[in-house]
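Engineer: Sequence:
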Amino acid sequence: MKEVYIPSINNRNQLHVAIWEPQRETKAILQISHGMVEYIVRYDDFAKHLNQQGILVIGNDHLGHGQSVLDESEFGYFGKEKGSAVVDDLYEVTKYAKKQYGENIPYFLMGHSMGSFMARRYLMTYGEKITGAIISGTGYKTAPVLAVAFFFTAVTKLFHGERYRSPFMKWLVFHTYNRKIADVKTKNDWLTRDAAVVAAYNENPYCKFSFTVNGYETLFGAIKYIQKQNNWEETPKQLPILMIAGEEDPVGSYGKDVKKVYKKYQQLGCNHIELKLYQDDRHELVNELDREVVYADISQWILRWSSYKA
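Once you know that position 126 of the sequence shown is 125 in numbering that gives the first Met the number 0, the rest is easy, because the numbers rise by one and skip nothing.
Read the hints as simulated data drawn from the structure, not as lab findings.
Among the hints, a few may not be true.
[As the list claims (entries may be wrong)] Computed cross-link-like contacts, DSS-like style, restricted to lysine-lysine with a CA-CA straight-line distance of at most 30 angstroms: (1) Lys-258 - Lys-169; (2) Lys-156 - Lys-169; (3) Lys-236 - Lys-207; (4) Lys-94 - Lys-223; (5) Lys-227 - Lys-184; (6) Lys-255 - Lys-81; (7) Lys-26 - Lys-94; (8) Lys-98 - Lys-81; (9) Lys-223 - Lys-236; (10) Lys-236 - Lys-179; (11) Lys-169 - Lys-140; (12) Lys-156 - Lys-223.
[Unchecked claim] DEER-style ranges, computed between Cβ atoms: (13) Phe-167 - Lys-79: 21 to 27 angstroms; (14) Lys-227 - Lys-258: 32 to 38 angstroms; (15) Lys-236 - Ala-146: 28 to 34 angstroms; (16) Val-154 - Glu-71: 38 to 44 angstroms; (17) Tyr-163 - Arg-23: 48 to 54 angstroms; (18) Gln-265 - Phe-173: 36 to 42 angstroms; (19) Tyr-4 - Lys-263: 33 to 39 angstroms; (20) Phe-173 - Ser-72: 18 to 24 angstroms; (21) Ile-5 - Thr-25: 17 to 23 angstroms.
C-beta atoms are modelled at their ideal positions from N, C-alpha and C, and glycine is treated no differently.
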């Protein structure tokens, strides 16, 4: 793995970018858009597996995450540009990768969790620039739920400011996520059945912070944006999309909301969309007990579409 820094679109931060280069001919490039309260190097094992298949992997720490922050006060804070900057930063990484490794190599974007919301918005703006997309651990929120979320965010911001880290907002988002787990050991058991991964996550300083009010504004704003009908319709209809999620993932309402998003893409006329739900798996598929199956499914899908001739 090698690391570089490139300027954020906000002209303030430097984006920390990790790159995993295969030791053989590069057949495809996968760019990863990571999730909330994590960072790109958590995908190291997954990236190394893809390298063995000839797939180069690249990804950045989002604003407010990992090594893209100016100091600790920026964890969970995206700045005034919010989600638009996150998505435009993803495209900055795309341009960097294409310049470094070639415009003609098949190029894929994978977004996980919060990163899946950003990836879905990316497809609406930059979808014509890539070969395909993988949407992992995504979700859907109804208009009333979003209205409540925005109300509490606005009230909290009014009294405490946008940099406040609200215990109530954190509870509002996460308090039900362990609900279906019989033997709960930690607050983050919903991430994966692999207890070692959960323990490592709980102890990692890059995974311990709470979102600011600005962070929740960014998260809810991204979901609202991608669920507007006119924005949905900007998704390229011929773009191959693989949707994956665990059947025990609370973010996607245990598969229900993932199916809702899948059907919406179908209704829009997306001709090359696939859905796979993994039995017993929770939120982080690439960190699950059956991760090798997930790795293989993703790499095979990428290589299939890399060689696809319409």
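Engineer: Each hint should be assessed against the structure and marked as holding or not.
Structural biologist: Cross-check of the supplied hints:
no. : hint                                  : in the structure
1   : Lys-258 - Lys-169                     : holds, 26 angstroms
2   : Lys-156 - Lys-169                     : holds, 14 angstroms
3   : Lys-236 - Lys-207                     : violated, 39 angstroms
4   : Lys-94 - Lys-223                      : holds, 27 angstroms
5   : Lys-227 - Lys-184                     : violated, 38 angstroms
6   : Lys-255 - Lys-81                      : holds, 28 angstroms
7   : Lys-26 - Lys-94                       : holds, 18 angstroms
8   : Lys-98 - Lys-81                       : holds, 26 angstroms
9   : Lys-223 - Lys-236                     : holds, 21 angstroms
10  : Lys-236 - Lys-179                     : violated, 36 angstroms
11  : Lys-169 - Lys-140                     : holds, 17 angstroms
12  : Lys-156 - Lys-223                     : holds, 19 angstroms
13  : Phe-167 - Lys-79: 21 to 27 angstroms  : holds, 23 angstroms
14  : Lys-227 - Lys-258: 32 to 38 angstroms : violated, 20 angstroms
15  : Lys-236 - Ala-146: 28 to 34 angstroms : holds, 30 angstroms
16  : Val-154 - Glu-71: 38 to 44 angstroms  : violated, 26 angstroms
17  : Tyr-163 - Arg-23: 48 to 54 angstroms  : holds, 49 angstroms
18  : Gln-265 - Phe-173: 36 to 42 angstroms : violated, 30 angstroms
19  : Tyr-4 - Lys-263: 33 to 39 angstroms   : holds, 37 angstroms
20  : Phe-173 - Ser-72: 18 to 24 angstroms  : holds, 22 angstroms
21  : Ile-5 - Thr-25: 17 to 23 angstroms    : holds, 20 angstroms
In terms of the numbered hints stated before, the structure departs from hints 3, 5, 10, 14, 16 and 18, listed from lowest to highest.
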